[in-house]
Amino acid sequence: MSETTETAKRVDGRLRGWMWEHGPMLVRWSLAIVFVWFGVLKLFDLSPANDIVKRTIYWFDPDVFLPILGVWEVVIGLLLLWQPLVRWGILLMFLQMPGTFLPLVLLPEVCFIRFPFVLTMEGQYIVKNIVLIAAAILVGSRLKPLGSDPSRPRPGSSGEKRRIIVS
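Numbering (my numbering), first residue to last: 26 to 192.
Just so you know, these hints were derived from the structure itself, not from any lab. Because the structure is a prediction, the values reported are computed rather than measured. Warning: the hint list may mix true and false statements.
No farther apart than 20 Å at their CA atoms in a straight line, the calculated lysine to aspartate or glutamate pairs in the EDC-like style are these [claimed, not checked]:
{"id": "1", "residue 1": "Lys34", "residue 2": "Glu46"}
{"id": "2", "residue 1": "Lys153", "residue 2": "Glu134"}
{"id": "3", "residue 1": "Lys153", "residue 2": "Asp76"}
{"id": "4", "residue 1": "Lys79", "residue 2": "Glu31"}
{"id": "5", "residue 1": "Lys79", "residue 2": "Asp37"}
{"id": "6", "residue 1": "Lys169", "residue 2": "Asp76"}
I would like the entire structure built from these sequences, with the hints used as guidance.
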């Protein structure tokens, strides 16, 4: 193997190692920022999603529901920022997520230009929640098991042999 190939492998290994160690934390912080930001926008009636939320959850008074939803989202974000409460943040997020997909069913004319594949901006805003769900799953996968011995390394930590699977 050439020296260039060996250098590329070393650099690649270091980058992958850095991403393995820091990626889940950065994903958690990113989720927290998104939830706090979007929640605060709802609290001040500044969210571009407010109209679609009002049209979807029409059986609740929006003057009551939107602030509750905004607080819920801010709480999710804050819980994700504090490591001991991340599980609670993920739980609240998974309780909220099914509701975010309701407009796809209740308001297809708002979400699709041509059903089922050509989405409007509103539809794209909703479908991007798939990425948020996957990110939360990643974050949750890296949590220490409840009641675990803090001296034992958790899966994926530097104290345990790392196995990387690419599919």
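* Asked: Taken at face value, is the distance from the CA of Glu31 to the CA of Lys79 at most 20 Å?
  -> Outside the cut-off at roughly 57 Å; violated.
* Has the given pair, Lys153 with Glu134, been kept, meaning a C-alpha gap of at most 20 Å? -> 18 Å, holds
* Asked: Is Lys153 within 20 Å of Asp76, Cα to Cα?
  -> It holds: about 18 Å lies between the C-alpha atoms, which stays within 20 Å.
* **Restraint check for Lys169 with Asp76, where alpha carbons must lie at most 20 Å apart** => At roughly 40 Å apart (the allowed maximum being 20 Å), Asp76 and Lys169 break the hint.
* Is the straight-line distance between the alpha-carbon of Lys34 and that of Glu46 20 Å or less? -> 18 Å, holds
* Would the pair Lys79 and Asp37 pass a check requiring their Cα atoms to be no farther apart than 20 Å? -> 48 Å, violated
Hint violations for this structure: numbers 4, 5, 6, all remaining hints satisfied.
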